[in-house]
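Just so you know, the sequences run in chain order G and W.
Letter by letter, the first sequence follows residues 1 to 370 in the numbering used here.
Letter by letter, the second sequence follows residues 371 to 678 in the numbering used here.
Hints in this document: simulated from the structure, not taken from any laboratory.
Quick reminder that beta carbons are idealized off the backbone N, C-alpha and C, glycines included.
Don't take every hint at face value.
[Said to hold, decoys possible] Now the stretches of chain G that chain W is said to cover, found in silico as 3 or more residues with beta-carbon under 8 angstroms:
#1 157 to 166
#2 176 to 189
[Claimed, not checked] Label-pair ranges, simulated between beta-carbon atoms:
#3 W:GLU490 to G:LEU124: 41 to 51 angstroms
#4 W:ALA525 to G:ALA227: 54 to 64 angstroms
#5 W:PRO587 to G:PHE239: 50 to 60 angstroms
[Unchecked claim] Negatives, chain G to chain W, calculated, CB over 10 angstroms:
#6 GLY43
#7 THR82
#8 ILE135
#9 PRO210
#10 VAL214
#11 TRP216
#12 ALA250
#13 ALA251
#14 LEU330
#15 SER341
#16 GLN346
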Amino acid sequence: MTTEAADPTEAVGAVAPAADPGFLQRHGTTIEYILIPGAALAGALVVFGIFVAMFGKNPLDLYFYMYYGAFGTWFSWQNTLTRAAPLILTALCTALPAQLGMVIIGGEGALLIGALSATSAALLLQGMPPLIVQIAMVIAGVSGGGLWIMLAGALRQYRGVNETISSLLLVYIGLAILNHLVEGAMRDPASLNKPSTREIGAANMIGSIPGTDVHWGLVFGLIAAVAAYILIYHTVFGFAARVAGGNIRAAKIVGLGVSKLILTICFLAGGAAGLAGMVEVAAVQGRTNANLAAGYGFTGILVAFLARQNPLAIIPVAILLGGISASGGLLQRRLGLPDASVLVLQGIIFVFVLASDALYGRIGFLKGKS
Amino acid sequence: MADGSIGLWTVPLAVLGGAIRVSTPFLFVSLGECITERSGRINLGLEGTLVMGAMSAYGISYLTGSPWLGVLAAGITGALLGALHAGICSLPRVNDVAVGIALMLFGTGLAFYLGKPLIEPTAPRLPAIDFGWWSDIPQLRAALRVNVLFLIGVALAPILYWAFRTTRWGLLIRTAGESSDAARAMGHSVLLIRLRATMVGGFLAGIGGSFLSLFYPGSWNEGLSSGQGITAVALVIFARWDPLLCLWASLAFGGAAALGPALQSVGVTSGYHLFNAAPYILTLAIMIVTCSPKRTLTGAPAELSITR
Numbered sequence: 001m002t003t004e005a006a007d008p009t010e011a012v013g014a015v016a017p018a019a020d021p022g023f024l025q026r027h028g029t030t031i032e033y034i035l036i037p038g039a040a041l042a043g044a045l046v047v048f049g050i051f052v053a054m055f056g057k058n059p060l061d062l063y064f065y066m067y068y069g070a071f072g073t074w075f076s077w078q079n080t081l082t083r084a085a086p087l088i089l090t091a092l093c094t095a096l097p098a099q100l101g102m103v104i105i106g107g108e109g110a111l112l113i114g115a116l117s118a119t120s121a122a123l124l125l126q127g128m129p130p131l132i133v134q135i136a137m138v139i140a141g142v143s144g145g146g147l148w149i150m151l152a153g154a155l156r157q158y159r160g161v162n163e164t165i166s167s168l169l170l171v172y173i174g175l176a177i178l179n180h181l182v183e184g185a186m187r188d189p190a191s192l193n194k195p196s197t198r199e200i201g202a203a204n205m206i207g208s209i210p211g212t213d214v215h216w217g218l219v220f221g222l223i224a225a226v227a228a229y230i231l232i233y234h235t236v237f238g239f240a241a242r243v244a245g246g247n248i249r250a251a252k253i254v255g256l257g258v259s260k261l262i263l264t265i266c267f268l269a270g271g272a273a274g275l276a277g278m279v280e281v282a283a284v285q286g287r288t289n290a291n292l293a294a295g296y297g298f299t300g301i302l303v304a305f306l307a308r309q310n311p312l313a314i315i316p317v318a319i320l321l322g323g324i325s326a327s328g329g330l331l332q333r334r335l336g337l338p339d340a341s342v343l344v345l346q347g348i349i350f351v352f353v354l355a356s357d358a359l360y361g362r363i364g365f366l367k368g369k370s
Numbered sequence: 371m372a373d374g375s376i377g378l379w380t381v382p383l384a385v386l387g388g389a390i391r392v393s394t395p396f397l398f399v400s401l402g403e404c405i406t407e408r409s410g411r412i413n414l415g416l417e418g419t420l421v422m423g424a425m426s427a428y429g430i431s432y433l434t435g436s437p438w439l440g441v442l443a444a445g446i447t448g449a450l451l452g453a454l455h456a457g458i459c460s461l462p463r464v465n466d467v468a469v470g471i472a473l474m475l476f477g478t479g480l481a482f483y484l485g486k487p488l489i490e491p492t493a494p495r496l497p498a499i500d501f502g503w504w505s506d507i508p509q510l511r512a513a514l515r516v517n518v519l520f521l522i523g524v525a526l527a528p529i530l531y532w533a534f535r536t537t538r539w540g541l542l543i544r545t546a547g548e549s550s551d552a553a554r555a556m557g558h559s560v561l562l563i564r565l566r567a568t569m570v571g572g573f574l575a576g577i578g579g580s581f582l583s584l585f586y587p588g589s590w591n592e593g594l595s596s597g598q599g600i601t602a603v604a605l606v607i608f609a610r611w612d613p614l615l616c617l618w619a620s621l622a623f624g625g626a627a628a629l630g631p632a633l634q635s636v637g638v639t640s641g642y643h644l645f646n647a648a649p650y651i652l653t654l655a656i657m658i659v660t661c662s663p664k665r666t667l668t669g670a671p672a673e674l675s676i677t678r
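This is chain G alone, in the form it adopts within the complex (with noise of 0.2 angstroms):
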């Protein structure tokens, strides 16, 4: 007994250190999220940096035609935003199941088959009205979308199958259908050397944000990520879902529906990344054909990982990587880049975040805290 006395004064004394913690320590887990992905992030940059200097390229110069193509003026701003739409939406794909403990990276399958799905909502409804035709792009695309990732969740539930692997396998699949219908029986007759659907009609294009070429597609993104923020992190929904992604046994244990949580979640993940594909067809493209499987799907995991899974901080995130993409021309044009070294960047960005996980809460000055 005179042991276990002595060890509720020692716990005291080492939790009197906490009550008077230093502003570092009191924020240390935010500044962490903050300050090792941006060191990630910019030691990311630097490695491509190297790399690109080993072809005989001035780093320099690549620094700032990077920053000029991405944030220089307000065309380059109103190029990388208009990317930044989608990748919002196709990072929620990886965001929203992550919280349930699942790695989804199916996003890209997702987003074909919402394209589709929208695309032909808009062809079967020509005539009607355009914001009905709209709204029911929308819906078409969030549910094929969804019922697509939800497969994916379905098979992991039921079958035991691994979502990673199945959610992939899912996006070839996916590539499969678009070009089987668009090759066949969807296909325009007037388009012959891309063989693409007919045109939705311009009068059911979404349009721009007024004022802007930023079409509306980005306002559909930050919409649907504070929606996803405020589902995880502030209704009992997401708390639920919280709690299955850290402890499924125990989820089970305080009888919390989990086949119906992840479901929902997975439905919602796919709806988001449909939703980004209706955008591409409403706002860019026009129709449906192999253009629309340009990465979003890919790169929205990368937004998603380097957000830490974050539906908010997703949003500067996809900014960022936007302004990385829309970058990628003016390195063609200017320092005669491939389009490929957008992709290299990316990929050492993504090493170096994950490496970077290592580093959580062993960085000296900001310990102590509780």
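Use these hints to put chain W onto chain G, whose structure you have.
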């Protein structure tokens, strides 16, 4: 014998040829991944390794004139990517599935970047051995033109099966995969075993890539691999981490992948893209049938993150 006289036999012949030709990359990647996963780690980055292997093999073959040096270069590139994967995974709290996704993007991007100048030139290809000399049917002869890499892969499967069961290295890899504590208690570094297993896995996957660019389809372009690497990773799961089953599964996959082009050659063009997706649909279907939520898969290494 005239072309037309064998008629619809073209399809099974092309599927047979495909099972031999198209299966080789599946075979190498799945055997490599089998070694890595047996050591308790999953490397989803082999898709990137495959593409990097294809690019470096083509480049080295073009520069040196020797396709076999290209194969070696592809293997070394793959081993380096494997070392990168294992190195990052050795850090505390780093998720191996996520690192694999990152290396998939990184490997593909790097291969496209470095491979830009290689799209135009023609590099020396790997030679084929003609096993169909006794036949008059051109399609059968084409189907039986076999690459040495395929034979190496076929030989490798039983060798690995034997090595896992009887050699010291096989036992060490399996120990690391079943219980890292046991391996540590025996005085071995789990991280080092996994590093080596991932490097060997990457080496084999790189060689699988060299087959793509140096034999079939036999050129370098950015659409060379569309998911063969990831399909092969999935293939290991339903081959139950058994090298011999990997061999049969790879052959089945090669046949499935050859179905689309085979049907197209006899004039069945509708559904071409759907038939091309056959390997992915097959993978998914087999995973649905063989997986179960109630128990872990038999043969699954206990330390593997995706089966827990």
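Hint check results:
1. 157 to 166: holds (count 9)
2. 176 to 189: holds (count 6)
3. W:GLU490 to G:LEU124: 41 to 51 angstroms: holds, 45 angstroms
4. W:ALA525 to G:ALA227: 54 to 64 angstroms: holds, 57 angstroms
5. W:PRO587 to G:PHE239: 50 to 60 angstroms: Distance hint for PRO587 of chain W, PHE239 of chain G holds at roughly 52 angstroms.
6. GLY43: Non-interface label on GLY43 of chain G holds, nearest chain W Cβ at 13 angstroms vs cutoff 10 angstroms.
7. THR82: Given a closest Cβ separation of 22 angstroms, the condition holds.
8. ILE135: holds, 31 angstroms
9. PRO210: Non-interface label on PRO210 of chain G holds, nearest chain W Cβ at 36 angstroms vs cutoff 10 angstroms.
10. VAL214: About 26 angstroms separates VAL214 of chain G from the closest Cβ of chain W, which puts it past 10 angstroms; holds.
11. TRP216: Non-interface label on TRP216 of chain G holds, nearest chain W Cβ at 29 angstroms vs cutoff 10 angstroms.
12. ALA250: holds, 16 angstroms
13. ALA251: Since the minimum Cβ distance to chain W is about 15 angstroms, ALA251 of chain G lies beyond 10 angstroms and the statement holds.
14. LEU330: Given a closest Cβ separation of 17 angstroms, the condition holds.
15. SER341: The claim breaks: SER341 of chain G does not keep its Cβ more than 10 angstroms from every Cβ of chain W (closest is about 6 angstroms).
16. GLN346: For GLN346 of chain G, whose nearest Cβ neighbour in chain W is about 6 angstroms away, the distance does not exceed 10 angstroms, so it is violated.
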